[in-house]
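Taken in sequence, the protein lines are chains A and B. Plus 25 on top of the position in the first sequence (first one is 1) and you've got the numbering used here. Plus 32 on top of the position in the second sequence (first one is 1) and you've got the numbering used here.
No lab work stands behind these hints: they were computed from the structure. Every residue gets a Cβ at the ideal spot worked out from N, C-alpha and C, and that includes glycine.
Distance condition first, Cα-Cα at most 27 Å in a straight line; then the derived BS3-like pairs of lysine-lysine:
hint : chain 1 : residue 1 : chain 2 : residue 2
1    : A       : Lys222    : B       : Lys166
2    : B       : Lys166    : A       : Lys201
3    : A       : Lys72     : A       : Lys138
4    : A       : Lys222    : B       : Lys87
5    : A       : Lys138    : A       : Lys229
6    : B       : Lys153    : A       : Lys229
7    : B       : Lys166    : A       : Lys214
8    : A       : Lys110    : B       : Lys166
9    : A       : Lys72     : A       : Lys229
10   : A       : Lys142    : A       : Lys229
11   : A       : Lys229    : B       : Lys119
Computed footprint of chain A on chain B, listed as stretches where at least three residues anywhere in the stretch have a Cβ under 8 Å from a Cβ of chain A:
hint : segment
12   : 106-113
13   : 127-140
14   : 161-167
15   : 174-187
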Amino acid sequence: MGIGKVMGAFVLILSLTAFTSIENNTIKGYGIGAIADDFSLKNTDGKMVSLADYDNAKGFLVIFTCNTCPYAIAYEDRIIALDEKYKTQGVPVIAINPNNPSIKPGDSFDAMKIRAKEKGFTFPYLFDEGQKVYPKYGATKTPHVYLLQRTDKGNIVRYIGAIDDNYQDASQVEDKYVENAVDAMLAGKEIELTLTKAIGCSIKV
Amino acid sequence: MKRLLPLIIVMISIYSCGPSGKKAEEFNEKVTPAEVAVSSKSEVPFTIYDYEGLKPLLHQQDDKTYIVNFWATWCKPCIEELPAFEKTFAEQKSNNVEMILVSLDMPSMWKKRLVPFVKEKKLKGQVVILDDPKMNDWIPQIDNDWEGGIPATLIYNKGKRAFYPHGFTYDELNKELLKFIK
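Bound-form chain B, shown alone (with noise of 0.2 Å):
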């Protein structure tokens, strides 16, 4: 119940506002330094974790496969490969399939970039926060051969796990999310 109540928030947020009109494309390129800058982290509607609140949801031992993808607003080959993973998603969801999109925008993007991108693109992955600037002492525990680059995924289930460190066509993704769910 806990881990859907901030899906449930970001539902009730993205219906409860009209579409804000905004392009994909001006999400791509435009970040400006004034957007780096250190600002309060901002209320937003999804749940901000450390690596070791993040921890668990990459180890949930129920029956069902997890799809991981590690991405960020300002990350082009990220937003691009999106719709195939949301596809995917949908198509498999009634396969036990889960899908969490684990956001890496900075806390100054929160509120202005990363909300209405979500609400734009009706994402139904679960946006979870990952905010932990240690990225030297999670990344290896992600992954021993990532480097760090976005995109990235995970695959899991209770039997089975997979890493990789690029992005994926909706083919590609397909292909591999069949080795788990056979």
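Just chain A, same shape as in the assembly (with noise of 0.2 Å):
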């Protein structure tokens, strides 16, 4: 019985501290044309990942995306075929999990190791320890899509947004945001569609 009060109060509290943490937070983060910086975070498999890593890379798929969420679930077989298919173009994906596993454990770095593994991801999935990769970007929710193209300045962000227009049926897909814009940015061609707007899971910080 006292256990039952205590309990109680304590999920009071628990609830509480939730209403106190929903905040108001807009970030500000690169837009078309911005020189993205670069990163060195874990991977599941233990070893660093950095951009520069990557001699022979003409871009990136950077994917903000986490274990949790439906439509990052709904997406990562999706992410994988953008994997394989513009891996060997020089554009690999890069998938960072931005999410605190404090406030979401299911995105902890041991559940990641297990996703990737159950997923058979040909990507790096890294870790946003401390959260100090994605404000930069100034992704908002999962999954948060940033083409990078490589060039003498450093790493120019092509494109920010969803990876095509129907979350819930891939053969349904009309537009294939993403794979437009890769293949626009190979080719030298302008990417008509440069942003994407999409619901998705806010980051939890």
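Combine both chains into one complex, guided by the hints.
Below is the structure:
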């Protein structure tokens, strides 16, 4: 009985802190044409990964994603397909989990390792420890894609947004935003649609 | 009348079933990959709209003030702010305030998550479902600066309109609502 009361109080305190933690975080990040900073983040295999490690890359698909968001889950297979299609063309996928695992335990580093193995991720799945990288980019939700083009001046942001226009059903996709952007970039053409919006899971701070 | 029908159905379904005994925490974090998989769209006691269908609910020209909250059962901050919305709605209903809770739950979650959640929480706001995957088309139509993160809320009446791409506390919501009902 006593335990019940203590638990009740505990739940109350938890829910109160949850209320106060709602915040209005408008993050200013990179726009199209900005030069994106490199990073050094830990992959699920324990090794540190930086963009500079990729000698022959022409660009990168930096995708903020996670284990727990339903939209991120819905896009896992399509992220693998993007990596398989574009890695050989010099534009590999670099996935970053930006969530704070103390808020979202399902997004812990250990949980990331398990998910990467289960799904057979073909790309690095990095942990944004201390949540330092995603605010620089201005990622607000998962999944959130940044297409970078490697140039002499640095990695230039060419596309920001969603993967395609139908999260529910890959077979119903009419506009493959990311593929169109990468194809145009690799062909030296102008990217027609550089910014798209989608419902996603807010990054857990 | 037409708009009331789904609400009535919700009410009936709420009162005809006992409490499910589930705790709210169960709805927070447990989206499994299987739940995201596309399944046939199940029958649910809420009206399901695409954006064109929902649009009239975002532009009603009567004398009421509407709170339109975009949420989902998998969205933790959304679930956390719902009690503040329900409380505000209960207190301000007599001031000609209506509340529409637009669920962005995926079709596979409607029956398994959304229906039990609404029952459990006895939500009094009008729950509707927005099922329109062409998000890049409709998100900017709701508000040009909205990136698509939820929770997000629209408050409007025929003379005034504001969109809030963030969560609310009870106090913050009341402060904003008072600007509409004077």
